[in-house]
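In case you want the letters, here they are:
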Amino acid sequence: GIQVEQSPPDLILQEGANSTLRCNFSDSVNNLQWFHQNPWGQLINLFYIPSGTKQNGRLSATTVATERYSLLYISSSQTTDSGVYFCAVENTDKLIFGTGTRLQVFP
Amino acid sequence: DTGVSQNPRHKITKRGQNVTFRCDPISEHNRLYWYRQTLGQGPEFLTYFQNEAQLEKSRLLSDRFSAERPKGSFSTLEIQRTEQGDSAMYLCASSLEVGKLFFGSGTQLSVL
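So the protein sequences, as listed, match chains P and U. The numbering of the first sequence is the numbering used here, which starts it at 59 and goes up by one. The numbering of the second sequence is the numbering used here, which starts it at 98 and goes up by one.
If a hint is listed, it holds; no wrong ones were tucked in.
Ranges of calculated distance between the beta carbons of each label pair, as one might list FRET restraints:
no., chain 1, residue 1, chain 2, residue 2, range
1, P, T157, U, A150, 25 to 33 Å
2, P, G115, U, I109, 34 to 42 Å
3, U, Q151, P, E73, 42 to 50 Å
With a Cα cut of at most 20 Å, we get these calculated SDA-like pairs of lysine to any residue:
no., chain 1, residue 1, chain 2, residue 2
4, U, K197, P, N103
5, U, K197, P, T111
6, U, K197, P, S109
7, U, K197, P, L117
8, U, K108, P, P97
9, U, K111, U, S207
10, U, K197, P, N149
11, U, K111, U, Q205
12, U, K197, P, Q113
13, U, K197, P, T157
14, U, K108, P, Q100
15, U, K154, U, S170
16, U, K197, P, A123
17, U, K197, P, H94
18, U, K197, P, R126
19, U, K197, P, E148
20, U, K197, P, G110
21, U, K168, U, Q147
22, U, K197, P, T150
23, U, K197, U, L152
In case anyone wonders, no lab produced these hints; they're calculated from the structure. None of the values given here were measured: they were computed from a predicted structure. The beta-carbon is built from N, C-alpha and C at its ideal position, and this holds for glycine as well.
Full structure from sequences and hints, please.
Below, the structure written as structure tokens:
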């Protein structure tokens with residue numbers, strides 16, 4: 059089956075810093091989503107981005123489907139950005155998740 | 098649109114007992130998915146429904162697991178004869194478009 063790798067596995071930032079999270083996948087995909095899992099376990103949709111670039115406030119994402127990767131950019135990070143960020147890809151009617159990037163933002 | 102609702106939020110049970118979880122999807126979403134997540138891992142696919150039809154089951158879904166979506170609306174996931182290895186967060190998601198899922202808050206199962 060398709061493999062999804064995320065890097066880095068852990069990231070520690072000071073408030074205000076910028077960061078880039080990467081997602082690589084091993085096969086062509088139809089869809090890709092980025093999620094933020096908060097400390098209470100809720101998976102929050104960030105982007106639905108099978109290709110191209112999207113922006114939402116301090117967050118933006120870019121997917122280059124032909125090269126099988128996606129990037130999530132977080133600018134001016136805040137403590138509320140802390141949690142685990144997951145990339146998930148779909149190629150057979152279901153999402154396959156990566157192992158996530160755990161982000162900790164300190165004041 | 099009240100989002101995907103899961104009950105209970107937490108369940109503690111003794112090994113060997115049966116447990117049942119419920120998921121209410123976003124209304125009009127015809128697809129419903131169950132995932133399992135253990136500590137430090139990403140969610141793993143278990144099964145999914147399109148309307149009332151169960152279209153795919155993961156090999157993770159042993160014979161002790163059964164899922165239903167009788168009227169194409171809410172779904173239940175039952176685990177029979179629970180084992181300690183079943184302890185995990187069970188997540189439900191629904192969608193209208195393939196690959197665009199919305200998740201509930203999950204049911205945290207602890208098997209003692």
